[in-house]
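A.B. asks: So the protein sequences, as listed, match chains A and B.
So the first sequence is numbered by our numbering: it starts at 7 and just counts up by one.
So the second sequence is numbered by our numbering: it starts at 7 and just counts up by one.
Because the hints were derived from the structure by calculation, they are not lab data.
Careful, some of the hints might be misleading.
Any copy will do: because identical chains look the same in the list, a pair fits if it lies in one copy or spans two.
Okay, derived cross-link-like pairs now, DSS-like style, lysine-lysine, Cα gap no bigger than 27 angstroms in a straight line [what the hints assert, rightly or not]: (1) K257 / K267; (2) K125 / K278; (3) K267 / K278; (4) K267 / K206; (5) K53 / K9; (6) K82 / K201; (7) K9 / K100; (8) K257 / K225; (9) K278 / K225; (10) K195 / K125; (11) K195 / K87; (12) K36 / K257; (13) K125 / K322; (14) K57 / K125; (15) K322 / K267; (16) K278 / K257; (17) K87 / K125; (18) K100 / K225.
Number of protein chains: 2
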Amino acid sequence: MTKRITISLDAMGGDFGAEVVVPAALNFIKNEPDVDLILVGREEIIKQHLKGAEIGGRLRIQHASEEVAMDDSPSKVLRTKKDSSMRVAINLVKEGSADACVSAGNTGALMATARFVLKMLPHIDRPAIIASVPSIAGHTWMLDLGANVDCNSDHLFQFAVMGSELVSAVENIEAPRVALLNIGHEEIKGNEQVKMAHEKLENSSLNYIGYVEGDSVYKEGADVVVTDGFVGNVSLKSCEGVATMITHYLKRAFNRNFFTKMIGFITLPILKNFRCFIDPRRYNGASLIGLRGIVVKSHGGADQLAFENAIQFAKKEVAGDVSRRIASRVEEQLNMASK
Amino acid sequence: MTKRITISLDAMGGDFGAEVVVPAALNFIKNEPDVDLILVGREEIIKQHLKGAEIGGRLRIQHASEEVAMDDSPSKVLRTKKDSSMRVAINLVKEGSADACVSAGNTGALMATARFVLKMLPHIDRPAIIASVPSIAGHTWMLDLGANVDCNSDHLFQFAVMGSELVSAVENIEAPRVALLNIGHEEIKGNEQVKMAHEKLENSSLNYIGYVEGDSVYKEGADVVVTDGFVGNVSLKSCEGVATMITHYLKRAFNRNFFTKMIGFITLPILKNFRCFIDPRRYNGASLIGLRGIVVKSHGGADQLAFENAIQFAKKEVAGDVSRRIASRVEEQLNMASK
Chain A
7 MTKRITISLD
17 AMGGDFGAEV
27 VVPAALNFIK
37 NEPDVDLILV
47 GREEIIKQHL
57 KGAEIGGRLR
67 IQHASEEVAM
77 DDSPSKVLRT
87 KKDSSMRVAI
97 NLVKEGSADA
107 CVSAGNTGAL
117 MATARFVLKM
127 LPHIDRPAII
137 ASVPSIAGHT
147 WMLDLGANVD
157 CNSDHLFQFA
167 VMGSELVSAV
177 ENIEAPRVAL
187 LNIGHEEIKG
197 NEQVKMAHEK
207 LENSSLNYIG
217 YVEGDSVYKE
227 GADVVVTDGF
237 VGNVSLKSCE
247 GVATMITHYL
257 KRAFNRNFFT
267 KMIGFITLPI
277 LKNFRCFIDP
287 RRYNGASLIG
297 LRGIVVKSHG
307 GADQLAFENA
317 IQFAKKEVAG
327 DVSRRIASRV
337 EEQLNMASK
Chain B
7 MTKRITISLD
17 AMGGDFGAEV
27 VVPAALNFIK
37 NEPDVDLILV
47 GREEIIKQHL
57 KGAEIGGRLR
67 IQHASEEVAM
77 DDSPSKVLRT
87 KKDSSMRVAI
97 NLVKEGSADA
107 CVSAGNTGAL
117 MATARFVLKM
127 LPHIDRPAII
137 ASVPSIAGHT
147 WMLDLGANVD
157 CNSDHLFQFA
167 VMGSELVSAV
177 ENIEAPRVAL
187 LNIGHEEIKG
197 NEQVKMAHEK
207 LENSSLNYIG
217 YVEGDSVYKE
227 GADVVVTDGF
237 VGNVSLKSCE
247 GVATMITHYL
257 KRAFNRNFFT
267 KMIGFITLPI
277 LKNFRCFIDP
287 RRYNGASLIG
297 LRGIVVKSHG
307 GADQLAFENA
317 IQFAKKEVAG
327 DVSRRIASRV
337 EEQLNMASK
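From just these sequences and the hints, can you work out the full model?
C.D. replies: So this is what it looks like as structure tokens:
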């Protein structure tokens, strides 16, 4: 059956991202016959970027008169921007006209709007942000990446269940290996929340493999790494920072003199091949999970390819019926615990 | 005046690290006329690695009959290993026979022993671990790196004062830029501890520049980044993991076929130049601060060059009189706060 994804046009530079989002959408529907798209935003702007593509059928436009700015506070957005592209796109998911929503806008506002409109799944206290990061083994999924700064062991446990189900669905792995992020010194291993979550996970039906340290996320071992939003965000941002730094020093080494520049030139295809493994565009698309509906957040600085990957991620979540799977797995865990 | 540093021989592979530590010590005293060294460990083993170097004068041996194993619990070490190389080396600092101690041993045991023997500085609740990491701007100092998993705002504030004084002393910067590690979303920016520490730092005499995110640590901006031990440890380990991953993919790209291998060969000097900027050996040596004495922890996997850098770091701390400076700056902050 054909699925439908809404794309919210949000502030991503000029024209509310239309120059990135519209070509990505056009290319996506060309390659994906089973998914229709609804572009949500100012109709006149979207039309300017269609370049003759036909509207109606598999690509529709839903007009929305407002946009959420990157610096709008979530509470203000909820109160005053009821016809924003973000709100309208999520409303379409709520009322069943679409199966998922993709947005590159203000994360806080997107999360608040999604939570307000879609509501949480039963027994889930908070939404979490999950995304994959590159690793030697391919990639690793990590959550939470910044939605929740203070988490108790129940929250960490819920993250583990949600992460496991999402990864199982989108990666087609029967029982993803789930790990808790921790630090190394034996005598002070972990804070109380982490230790308690560890006990709960050991008694769960998840494929829990125990603690991993920060370096393991980028090496191998676990499919899903669970941590609170503060630590997850710092790890993710540290990864970005280190990659930027290494690229900086690599460029500098090749730019030292005429000779190194010449070598740099013939090395280009190799470095290109290397970069494709850690290309952040491949890893674009973070999911807000724990909601009664699928919402994918694209990086605000995404280009066309990266944005297409975010839509692709939404498509996989829809195909895997992620929200429903999470709900039933959480129910199962609760039944286990009460026995 | 000549300074004296004790070197504890600890488990670092075979022979309690003698094959790494002794050559590092010999090379260090050759290049540093103002510092004498005391090697602490089993005399017979140390002597086997001296290769004819003269004992007495600038290089002395202090026999210790026991070693701390990497998996010994700190409490067990305190109770039962009173003649360990670590304990004897720190005792020499306590009794004034040496100005600092360097060890590559068990971090937890080293911290517990240092705290037990040397005691904390007045008004400092907990020791912290500080080290520098590479960044685009050169390097950034970060603390705490794993000594304290749960920190309140007072602890974070103390870390900031200690970090600022240490960096001022060893880098010769009048007023190092101090930042608090935080995450990006405006609406949930930081947990309570971080927000409260932020207020305290804004009212302090430190050169406090506000919040930075995880990527900034490896880019530029701050001289000292303050965070709790859990987050700091994860950021540091994430950095190691990402560097390992990038090196892996770089090697793989150059090893694809005969042609890429040939290019890899002529690229070697460039990659070598590049690597020297992010060489972990350059950044070896973490200081345990907040104690009435100087204790430097070398990485357990250090080679000779890396271990020499750890001794070098201890020398700089001694020259900068770091413990005394921290004590007087903390006193000053308390006086400011009580006014």
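A.B. asks: Using 27 angstroms as the alpha-carbon threshold, which applies to K195 and K87: within, between, both, or neither?
C.D. replies: between (46 angstroms within a copy, 22 angstroms between copies)
A.B. asks: Within a copy, between copies, both or neither: which one fits K322 and K267 at a CA-CA cutoff of 27 angstroms?
C.D. replies: neither (43 angstroms within a copy, 38 angstroms between copies)
A.B. asks: Please sort K267 with K206 into within, between, both or neither, judging by C-alpha distance up to 27 angstroms.
C.D. replies: This pair counts as neither: shortest intra-copy Cα distance 55 angstroms, inter-copy 49 angstroms.
A.B. asks: First find the shortest C-alpha distance between K257 and K225 inside one copy, then the shortest across copies, and answer within, between, both or neither for a cut-off of 27 angstroms.
C.D. replies: Classified as both: same-chain Cα gap 24 angstroms, cross-chain 15 angstroms, threshold 27 angstroms.
A.B. asks: As a check of your reading, is K87 near K125 (CA-CA no more than 27 angstroms) within one copy, between copies, both or neither?
C.D. replies: Close inside one copy (18 angstroms), not across copies (58 angstroms); limit 27 angstroms.
A.B. asks: Could you figure out if K125 and K322 sit no more than 27 angstroms apart (CA to CA) within one copy, between two copies, both or neither?
C.D. replies: within (21 angstroms within a copy, 57 angstroms between copies)
A.B. asks: Between the shortest in-copy and the shortest cross-copy C-alpha distance, which are at most 27 angstroms for K36 and K257: within, between, both, or neither?
C.D. replies: Cα proximity of K36 and K257: none, with 37 angstroms in one copy and 37 angstroms across.
A.B. asks: With identical chains treated as interchangeable, where does the CA-CA distance between K57 and K125 reach 27 angstroms or less: within a copy, between copies, both, or neither?
C.D. replies: Close neither inside one copy (37 angstroms) nor across copies (73 angstroms); limit 27 angstroms.
A.B. asks: At most 27 angstroms between CA atoms: does that hold for K267 and K278 within a copy, between copies, both, or neither?
C.D. replies: Both, since 16 angstroms and 15 angstroms are each at most 27 angstroms.
A.B. asks: How would you classify K53 and K9 at a CA-CA limit of 27 angstroms: within, between, both, or neither?
C.D. replies: This pair counts as within: shortest intra-copy Cα distance 23 angstroms, inter-copy 75 angstroms.
A.B. asks: Under a CA distance limit of 27 angstroms, which applies to K100 and K225: within one copy, between copies, both, or neither?
C.D. replies: neither (39 angstroms within a copy, 42 angstroms between copies)
A.B. asks: How do K278 and K225 come out at 27 angstroms by Cα distance, when the copy is not named: within, between, both, or neither?
C.D. replies: The answer is both: 21 angstroms in one copy and 23 angstroms across copies each meet 27 angstroms.
Of the numbered hints listed earlier, those contradicted by the structure are 2, 4, 12, 14, 15, 18.
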